[in-house]
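Can you make the complete structure from the sequences, with help from the hints?
Just so you know, the protein sequences line up as chains A and B, in that order. To convert, note that position 19 of the first sequence is 19 in this note's numbering; the numbers rise steadily by one, no gaps. To convert, note that position 3 of the second sequence is 3 in this note's numbering; the numbers rise steadily by one, no gaps.
It should be emphasised that the hints constitute simulated quantities derived from the structure, not laboratory data. Keep in mind that a hint or two might mislead.
[As the list claims (entries may be wrong)] Derived, one-sided and incomplete: chain B residues facing chain A with beta-carbon distance under 8 Å:
#1 ALA79
#2 SER84
#3 VAL87
#4 ALA95
#5 SER102
[Said to hold, decoys possible] If we take Cβ atoms under 8 Å as the criterion, some of the chain A residues that face chain B in the derived model are:
#6 SER20
#7 PRO68
#8 SER71
Ideal placement from N, C-alpha and C gives every residue a C-beta, glycine not left out.
Listed below are the residues making up each chain.
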Amino acid sequence: MADNVTPRVRVPREASAGDSVSVRTLISHPMESGQRRDGDGNIIPRQIINRFTCDFNGQNVVDVTLEPAISTNPYFQFEAVVNETGTFQFTWYDDDGSVYEETADIAVS
Amino acid sequence: MDVSRRQFVGTGLVAAAAFFGLPKIASAEGLEEAINAFTGGADAASDGITLIAPEIAENGNTVPIEVEAPGAESIMILAAGNPSPDVCTINFGPAAGRHAASTRIRLAGEQDVIAIARMPDGSFKQARQNVRVTIGGCGG
Chain A
1 MADNVTPRVR VPREASAGDS VSVRTLISHP MESGQRRDGD GNIIPRQIIN
51 RFTCDFNGQN VVDVTLEPAI STNPYFQFEA VVNETGTFQF TWYDDDGSVY
101 EETADIAVS
Chain B
1 MDVSRRQFVG TGLVAAAAFF GLPKIASAEG LEEAINAFTG GADAASDGIT
51 LIAPEIAENG NTVPIEVEAP GAESIMILAA GNPSPDVCTI NFGPAAGRHA
101 ASTRIRLAGE QDVIAIARMP DGSFKQARQN VRVTIGGCGG
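Rendered as structure tokens:
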């Protein structure tokens with residue numbers, strides 16, 4: 001597991017039913033591309049987050065496949081339609097098998 | 001064996017071309033392959049998809065990009081000049097709002113960023129934007 005992996009997400013606290021709300025996510029992760037070399041000329045092995053998903057109340061919002069060309073600390077912004085009060089579930093999958101999770105609640109009126 | 005100066009220079013040029021030229025060709029092939037794997041060789045229209053990327057990026061390590069394709073079920077982003085052209089593939093689920101996303105990507109140098117959207121009816125849309133990079137982002 002990479003060090004100090006901290007997911008951060010931002011969704012509006014409340015919205016009206018049927019609104020499309022903006023979701024922003026950031027996770028601190030080195031996203032080691034497997035292209036770089038250390039001081040001795042050895043390739044630093046690849047370690048990236050290879051998949052990111054976001055669900056709202058069990059319904060998929062986005063499912064992203066990441067490659068090494070995504071920057072350090074992967075950031076994603078997208079929109080989700082909310083029809084009822086519920087919870088966003090965010091999941092990041094690391095190359096080494098680790099899974100990082102985060103949730104965010106939204107109140108819909 | 002007698003090697004004239006002319007032959008020697010010629011051989012040197014061929015060797016140099018092989019050495020410097022091949023990675024570029026390999027990368028172009030990789031791009032074709034990546035596109036074909038996604039589209040299955042189908043042609044892509046150029047309307048109905050928007051790719052926003054800076055014309056000049058100071059730092060190739062984090063280039064902000066934004067892509068929007070109304071109604072698309074999936075958008076693939078490629079960087080034509082990177083060692084490996086794949087950047088990411090965004091699949092939109094039933095709870096997605098506007099079919100748009102923004103993220104930050106790495107670019108090795110000046111190159112085209114390509115976005116291809118797959119529509120539910122099986123057609124494809126493609127957008128391309130050239131980005132100049134001051135500092136490359138592949139640790140080279």
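Here's how the hints hold up against the structure:
1. A distance limit of 8 Å between C-beta atoms decides the matter here; for ALA79 of chain B the minimum to chain A is near 6 Å, and the interface restraint holds.
2. Because the closest C-beta pair between SER84 of chain B and chain A is about 7 Å apart, less than 8 Å, the hint holds.
3. Below 8 Å, beta-carbon pairs count as interface contacts, and VAL87 of chain B has one with chain A at about 4 Å; its hint therefore holds.
4. Annotation: ALA95 of chain B was flagged as interfacial toward chain A, and the flag holds, the nearest CB pair being 4 Å apart, inside 8 Å.
5. For SER102 of chain B, the interface hint holds, the least distance from its beta-carbon to any beta-carbon of chain A being 5 Å, beneath 8 Å.
6. Among the interface hints, the one on SER20 of chain A holds; its C-beta lies about 3 Å from the nearest C-beta in chain B, closer than the 8 Å criterion.
7. Annotation: interface hint on PRO68 of chain A holds; nearest CB of chain B at approximately 7 Å, less than 8 Å.
8. Nearest Cβ of chain B to the Cβ of SER71 of chain A: about 4 Å, under the 8 Å cut. The hint holds.
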